[in-house]
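Order-wise, the sequence lines are chains A and B. This note's numbering numbers the first residue of the first sequence as 1 and each following residue consecutively. This note's numbering numbers the first residue of the second sequence as 1001 and each following residue consecutively.
If you're looking for bench data, these hints aren't it; they were derived computationally from the structure. Do not take every clue at face value.
Said to hold, decoys possible - Just some of the chain B residues that point at chain A, by a computed CB distance under 8 Å:
{"#": "1", "residue": "E1040"}
{"#": "2", "residue": "L1041"}
{"#": "3", "residue": "L1044"}
{"#": "4", "residue": "Q1053"}
{"#": "5", "residue": "E1055"}
{"#": "6", "residue": "A1564"}
Stated by the list, open to error - Label pairs and their computed distance ranges (CB to CB):
{"#": "7", "chain 1": "A", "residue 1": "P137", "chain 2": "B", "residue 2": "P1459", "range": "28 to 34 Å"}
{"#": "8", "chain 1": "B", "residue 1": "D1718", "chain 2": "A", "residue 2": "Q161", "range": "47 to 53 Å"}
{"#": "9", "chain 1": "B", "residue 1": "Q1716", "chain 2": "A", "residue 2": "S163", "range": "55 to 61 Å"}
{"#": "10", "chain 1": "A", "residue 1": "Q161", "chain 2": "B", "residue 2": "P1459", "range": "45 to 51 Å"}
As the list claims (entries may be wrong) - Keeping only pairs whose Cα atoms sit at most 27 Å apart, straight-line, the calculated DSS-like set for lysine-lysine is:
{"#": "11", "chain 1": "B", "residue 1": "K1724", "chain 2": "B", "residue 2": "K1711"}
{"#": "12", "chain 1": "A", "residue 1": "K75", "chain 2": "B", "residue 2": "K1711"}
{"#": "13", "chain 1": "B", "residue 1": "K1738", "chain 2": "A", "residue 2": "K176"}
{"#": "14", "chain 1": "A", "residue 1": "K177", "chain 2": "B", "residue 2": "K1002"}
{"#": "15", "chain 1": "A", "residue 1": "K75", "chain 2": "B", "residue 2": "K1311"}
Only a predicted model underlies this, so the values are computations on that prediction, with no experimental measurement involved. A virtual CB, placed ideally from N, CA and C, is assigned to each residue, including glycine.
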Amino acid sequence: MAATPEPDLAALLDRYERPLVRYALSIVGDLENARDVVQDTFIRLSRMSSRVSHPDFPGDPAQPPPHSLDFNNEKHVESWLFTVCRHRAIDHQRKFSRIIPMPLPEDHRSQEAGPAAAAESRDTAASLIRLLERLSPNQREVIRLKFQNDLSYQEIADITQLSVTNVGFILHTGLKKLREIVRSEPDFADLPICRSAAS
Amino acid sequence: MKSDDPRLTAYLLSELSPEEEARVLAEMESDAILASEADELCHLAEGLRDQLQSEPVLGLRPDQRAAILRDLASAEERTMIRSRTAWWANWSFPAAAAAVVVGALATTIYLQSRYIDNLAAHRQIRQSATSAAPITFPSVIPIGAGDPSGSAVAIEPVPELPVAVPHISPPVPLWNTQIGLAWLLNPPPHFGLLPNPVATPPVDVFRFPTSVPAPEGQTVPVRSQSAGVASRSVGTKRGGAVRLASVDRAIPEYEPTSANAPTTLAKPAPRLTPEEKRIRKELKGLEDRLASLEKVQRRNSSKKTDDPELKQMIDHVRRTLDALRATQDGADNFEPSETTEDNPFLAVKGNPLSTFSVEVDTASYANVRRLLQSNQRPPAGAVRIEELLNYFRYDFPDPIEKKPFSGLTEVASCPWASSHWLVRIGIKGREIAKSERPPANLVFLVDVSGSMKADNKLPLIKDCLRVLTEQLGPQDTVAIAVYAGASGCVLEPTHDMDKVRTVLDHLEAGGPKNGARGVHLAYELAQRSFKRGASNRVILCTDGDFNVGAGDQNQLLSLIQDKAKTGVSLSVLGFGFGEYEDPILRRLADKGNGNYGYIDSLAEGRRLFVQQLTGSLVTIARDVKMQVEFNPSKAAAYRLIGYENRTLAMEDFNDDQEDGGEIGAGHTVTALYEVIPVGQENPVDGAVDELKYGPHRMSDSATSAELLTVKVRYKQPDTTVSSKIEFALTDTGATWDKSSPDFRWAAAVAGFGMILRDSPYRGSLSWSLIDELVKGPAGRLSQDRNEFVRLIEKARALTR
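Using the sequences provided together with the hints, build the complete structure.
Structure representation (structure tokens):
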């Protein structure tokens, strides 16, 4: 094969399909729409790759140079995927709703059969995920990017177009607010977190 | 430091520099409240991480995966064919074996934490210090940070596949690990005795995304590779099947080749949006920082004093830089790149000529209307004043015989800047009665992908096209093509409108999008029933998301341009998109010598296909460009209101190769100029020194009373050589309250747009001024104008 290795896009699909659907779902609030958004994101990735992977294909001079997306650097690709996914999701969501219904995890749980779903439905009352709904959308989003996808502040800043300082601030205030909510929640009453607050 | 300092969280997540981290640690040491605050945040963060990462999630539907893989396959196929490699040889072999496991693998859930921060270390140390019991949240799925197998059992139906290790190993953020380790080795005294550092797993083997290949015999990292190959081969098979079955087999495969890469499209250097400027600036800053760090590193290494922290910092900056570049390139693909900045005032001395391509589209008005009616303020970029102006009908004199259009000019004082003039220039395409309309050869190209299901999309498209067919007769032909993942012809060209309506009724939405293929097919059909002298036109109906990559986009645009030269034009109708329409649709229509409309209701569909049927179908003049020459003895500066994306260089006016706008029968074009008379204070005065040798001696005409001359260049629909008409305007000294109702109406519409765009040139514009402008003399307003009056109320409420 040529000197440039073919980016393994199918592997990227396997790797990021679910994190992206989960992320898109947290923005658009509907599984089918989230899936559409993610499909679109990958189609775009595929278009990028057909342009990028062949340096002998000059493409159009008005377009950014082909080095634009380094498929050998997964961080690039990851950032790119989340950024595009976010943009598509927000776009999509603007198209369809004025009021943002936040996704209840229960909404799609019912579709997931198996032991996980069963375990979920047994005890959702105390789930922190459920409490996240009471945070502001940007607090929720930053918390998800941080703890669900383990992205760094810088990566989150890149994806959300916020400054790094801003990301740190939103994350911190979000956590603090969540802690207040946890304290006020009877299901969490006997947690050490509340004890230590009392002491 | 207070507990609400974001550095506390940043410390826990290892986002601080080593110095800052040391400072936070020192403060925690002396401040027990702060330390317990950190504990709580740490618990919460760990709980969140556990729960969020074990949140059940579904992936794409199998058909969506298949569509993506098919797209990958065809993209690779294209590039492979170009590089003349036997690409299938690499694929065919593992397919059978891998296909067996693909079903099971697809359910693998992404839950591995790859990021190592201070959370675990903090917990361990504090636990030993306070000897508190381990804390867990009542998480639905018990998943410990160091317990990947347990979590795999809970969610993963195939527990023998232990971990999903990324196929492409990312650069490891060693930095964080080392800070964690530094922590363990040099604990602050406050934290007392450490647990055995070897036994504590802040660095979990499974969580560590090592760039070192796994030892032989270890099965861990094979998953993504084999799954990748497997699903890809499945995709290829399916893709092949679809291609064979679908109609577009007959259509030459759309092959972007460098040979026909358009050179004309690349001409104007794109103006940067503020966002792009910001990113570029940030990029520059990072590049500089990286360079200076590397310089220090080189100096160090010559002294043989390697600084690992410096190396980490360099890595970090490099990653940031890479990520930024990636987002920027990503952004180029989806951000509307058109400028939204208002045209500035230009000095007549330096710029006596104002040149632009005419515009008869009205999509922006329909979109603004829809947004306002749903109580959303339209973003500035969505408000294109020229499209608002052209939405309305104005009174025009009849065209001079044989000329395709008539023109008019009017000047009065500017309502929002009393010392300025407002100049209105209008042209109107000759009306053609429906009975005199030439036959039409139409291809409806309908997007039937999954996103079109909404009521304001495919169902509305069907209604609108049905309305159109009711206006057509046996002399016309209609064909219908659809596209989703593949494209297909659902109706061969026919004269039978009943049949057309029956087929329309049966269209249903579903599947992914591949717009480019649909366009090819539609042109093929239009060509098949091409008729000279008829309106040969493809009508593309979509929701604005055309879903083609940037490279393909340019290929597509050049194809459309070529087809337009052969006499098949492309009109684009947008349905149901948000305030951010995809700018490609308008460009497609521009290149395709067609109109671009946005249809938000059946009423708008009727407007286009019934009231303005001939305008929508019959082009009476092509490549229409306007050039206005100002008389420097009268005008000091001018500003073209709207047309931000339509301005041309002055040389383009006489260049017949340069694309202009198309005017349909009965279409009107209105342009407004705000003019600063000579002798009035103006913002561009003194911007350029007086020329020592010129400008050229003023001609005799300069002493005339004329304020300006309008020149319009156009081509008859079937010619390639342009003609020109000219008319001049003389200032009458009228104030705007004495101007014609149409003048005031146009001023009101422009003012409405300027307020919504928050234009820096809005002067004394206010909603009450706009009320005054639209109120006008007694007389009933048309339906369109009444609706606009209601929109003003909406906009007034939203901009308060």
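Would you say the C-beta atoms of P137 of chain A and P1459 of chain B sit inside 28 to 34 Å of each other? holds, 31 Å
Compare the distance between the alpha carbons of K75 of chain A and K1311 of chain B with 27 Å, and conclude whether the hinted pair is satisfied. Within the cut-off at roughly 18 Å; holds.
Would you settle whether the hint for Q1053 of chain B is holds or violated, based on the nearest Cβ-Cβ distance to chain A being less than 8 Å? holds, 6 Å
Straight-line Cα separation of K1738 of chain B and K176 of chain A no greater than 27 Å? Outside the cut-off at roughly 63 Å; violated.
Note whether the CB distance of Q161 of chain A and P1459 of chain B lies within 45 to 51 Å or breaks it. violated, 35 Å
In this structure, is the beta-carbon distance linking Q1716 of chain B and S163 of chain A contained in 55 to 61 Å? holds, 56 Å
Does the closest beta carbon of chain A sit nearer than 8 Å to the beta carbon of L1044 of chain B? holds, 5 Å
Could you say whether the range 47 to 53 Å given as a hint is met by the Cβ separation of D1718 of chain B and Q161 of chain A? holds, 49 Å
Would the hint on A1564 of chain B stand, with a C-beta cut-off of 8 Å toward chain A? violated, 19 Å
Need the status of pair K1724 of chain B, K1711 of chain B: alpha-carbon distance at most 27 Å? With a Cα-Cα distance of about 7 Å, the restraint between K1724 of chain B and K1711 of chain B holds, given a limit of 27 Å.
Within 27 Å, alpha carbon to alpha carbon, are K75 of chain A and K1711 of chain B? Status violated; Cα separation ~55 Å.
With a cut-off of 8 Å on the beta carbons, see whether L1041 of chain B makes it to chain A. Check passed: Cβ of L1041 of chain B comes within 5 Å of chain A, closer than 8 Å.
The structure fails hints 6, 10, 12 and 13 (numbered hints given earlier, in ascending order).
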